[in-house]
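Residue numbers (the numbering used here), protein chains in the order written: chain A, 1 to 50; chain B, 1001 to 1255.
Be aware that one or more of the hints could be misleading.
Taking beta-carbon pairs under 8 Å as the criterion, some of the chain B residues facing chain A (in silico) [claimed, not checked]:
id, residue
1, Leu1118
2, Pro1119
3, Leu1120
4, Ala1122
5, Leu1124
6, Val1144
7, Lys1148
8, Gly1203
Pairs of lysine to any residue residues, derived as SDA-like cross-links and limited to a Cα-Cα distance of at most 20 Å, are as follows [said to hold, decoys possible]:
id, chain 1, residue 1, chain 2, residue 2
9, B, Lys1250, B, Glu1222
10, B, Lys1129, A, Asp6
11, B, Lys1148, A, Met9
12, B, Lys1250, B, Leu1008
13, B, Lys1074, B, Asp1036
14, B, Lys1193, B, Lys1250
15, B, Lys1250, B, Asp1038
16, B, Lys1148, A, Ile8
17, B, Lys1129, A, Met9
18, B, Lys1129, A, Arg7
Far from chain A by the CB rule (all over 10 Å, computed), these chain B residues [claimed, not checked]:
id, residue
19, Gly1004
20, Asp1059
21, Ala1063
22, His1080
23, Thr1100
24, Ile1132
25, Arg1164
26, Val1209
Derived from the structure by calculation, the hints contain no laboratory data. Predicted model, so just to flag it, every value in this text is computed and none were measured. Yeah, the Cβ is synthetic: ideal placement off N, Cα and C, and Gly gets one too.
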Amino acid sequence: MNITRDRIMFGQSRFSVSPKHVNPISLKKVELIHKNDKSPQANPSKLDLT
Amino acid sequence: MTLGYHSLGHGPEKIIFLHGWLSDHLVYEPLFPLLDQDRYTAVFADYRGYGQSNHLDGDYSIAEIARDVIELAKHLKWSHCHIAGHSMGGMVLQKIACLTPNLVASGIAITPVPASGLPLTAQLTSFFKSAIEDDGALTELYDVLTGKRYSGSFLTYMTGRTRRVTTRAALLGYMNAWTGTDISAEVAAIESKILVIAGRFDGAVGPDVMEQTYLKQLHNVELVTIEGAGHYPAQETPVELFTAIEQHLKANAFS
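Pulled out of the complex, with its shape left as it was, chain A reads as follows (with noise of 0.2 Å):
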């Protein structure tokens, strides 16, 4: 046993599909819903706290 990659790496023959079983209307959309790095700000606060 031999594991010390980061990702498991399965057949990927599988993978590939026959063109008869892809619709060609295929709908592709991707979201993020949260980004490590662009997380949304926080809104400014409007109380003068000084």
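Go by the hints and put chain B onto chain A.
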């Protein structure tokens, strides 16, 4: 025979949650307090050999789980519901949509195994089998699956939970199922909207694998990637996961 399950809520929007290979329905426990119980009725099923179905044996196949869940829906008198599946459960939800298209209002596949399965090399087969038997190997597997980022306490907790909720016989049987089953020729016919949720740090089925499989194999599909999650977003990023699920459910409401 009906699968054991945990039920939550009494709302008109119905959803069945399916767990993955290494956990029972409690993998979803961090989501329980977030669920609007007036809007949703959620049923969290346990497959044969897991949790509340621990006493049930079978052939441990993807088709068997699908048939059992369809029977569970009949038991609940549900003719239409959403189905969410984590990991191996994502493959199951596709099988259910193939067998009973009218039952599945929509699907949510969470860090899911693709319809084409995940065939293993001989080396990986050996590793996964060792994880079934050996706690150290299982802990190492959890570490890889979650991006090698977490405290050993979390990994030990996850390992202990797997040991508590299922048997080695069930783990071996279902490993053969998700590695050796290929239903990719069937799933192109699925019309229901399927939301796929991937974790950026998933060490096995990350967004790149989703783009090569789900986005090509299904035609009514959307991919959301949770940047902070690995293979277990319900544990790692429960609020982000729940938000993605709820947005999908509201957009595809049937009640």
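Right, here's what the structure says about each hint:
1. The beta carbon of leucine 1118 of chain B comes within 4 Å of a beta carbon in chain A, closer than 8 Å, and the hint placing it at the interface holds.
2. Because the closest C-beta pair between proline 1119 of chain B and chain A is about 4 Å apart, less than 8 Å, the hint holds.
3. Restraint check, leucine 1120 of chain B versus chain A: the minimum CB separation of about 7 Å is within 8 Å; hint holds.
4. A hinted interface residue such as alanine 1122 of chain B counts as satisfied when its beta carbon comes closer than 8 Å to some beta carbon of chain A; here the least separation is about 11 Å, so the hint is violated.
5. The closest approach between the C-beta of leucine 1124 of chain B and any C-beta of chain A is roughly 7 Å, which is under the 8 Å cut-off, so the hint is satisfied.
6. Using the Cβ-Cβ criterion of 8 Å, the hint placing valine 1144 of chain B at the interface with chain A is satisfied: the shortest such distance is roughly 6 Å.
7. Hint status for lysine 1148 of chain B relative to chain A: holds, with the closest Cβ pair at about 6 Å, below 8 Å.
8. With a least beta-carbon distance of about 5 Å to chain A, the hint placing glycine 1203 of chain B at the interface is held under the 8 Å criterion.
9. As the CA atoms of lysine 1250 of chain B and glutamate 1222 of chain B are separated by approximately 15 Å, the hinted pair is consistent with the 20 Å bound.
10. Distance check on the hinted pair: lysine 1129 of chain B and aspartate 6 of chain A sit about 19 Å apart at the alpha-carbon level, within 20 Å; holds.
11. Between lysine 1148 of chain B and methionine 9 of chain A the CA atoms are separated by roughly 15 Å; this keeps the pair inside 20 Å, and the hint holds.
12. Taking the CA atoms of lysine 1250 of chain B and leucine 1008 of chain B, the gap is near 18 Å; set against the 20 Å cutoff, the hint holds.
13. Between the alpha carbons of lysine 1074 of chain B and aspartate 1036 of chain B the distance comes to roughly 24 Å, so the proposed pair goes past 20 Å and is violated.
14. Taking the CA atoms of lysine 1193 of chain B and lysine 1250 of chain B, the gap is about 13 Å. The hint holds against a cut of 20 Å.
15. A distance of roughly 14 Å separates the Cα atoms of lysine 1250 of chain B and aspartate 1038 of chain B; the hinted pair therefore holds under the 20 Å criterion.
16. Taking the CA atoms of lysine 1148 of chain B and isoleucine 8 of chain A, the gap is about 12 Å. The hint holds against a cut of 20 Å.
17. Using a Cα cut-off of 20 Å, the hinted pair lysine 1129 of chain B and methionine 9 of chain A holds, with the two alpha carbons roughly 16 Å apart.
18. With a C-alpha separation of about 17 Å, the suggested pairing of lysine 1129 of chain B with arginine 7 of chain A holds against the 20 Å cut-off.
19. The beta carbon of glycine 1004 of chain B is kept farther than 10 Å from every beta carbon of chain A, the shortest such distance being approximately 30 Å.
20. The Cβ of aspartate 1059 of chain B lies farther than 10 Å from every Cβ of chain A, with a closest approach of about 22 Å, so its non-interface assignment holds.
21. For alanine 1063 of chain B, the non-interface assignment is confirmed: its Cβ lies about 18 Å from the closest Cβ of chain A, beyond the 10 Å cut-off.
22. At roughly 22 Å from the closest C-beta of chain A, the C-beta of histidine 1080 of chain B stays outside 10 Å, upholding its exclusion from the interface.
23. Every CB of chain A lies more than 10 Å from the CB of threonine 1100 of chain B, the least distance being 21 Å, so the non-interface label holds.
24. Taking the minimum C-beta to C-beta distance to chain A, about 12 Å, the non-interface status of isoleucine 1132 of chain B holds against the 10 Å cut.
25. Even its closest Cβ contact with chain A, about 24 Å, leaves arginine 1164 of chain B beyond 10 Å, as expected for a residue assigned away from the interface.
26. Residue placement check: valine 1209 of chain B does not keep its beta carbon more than 10 Å from all beta carbons of chain A (closest about 7 Å).
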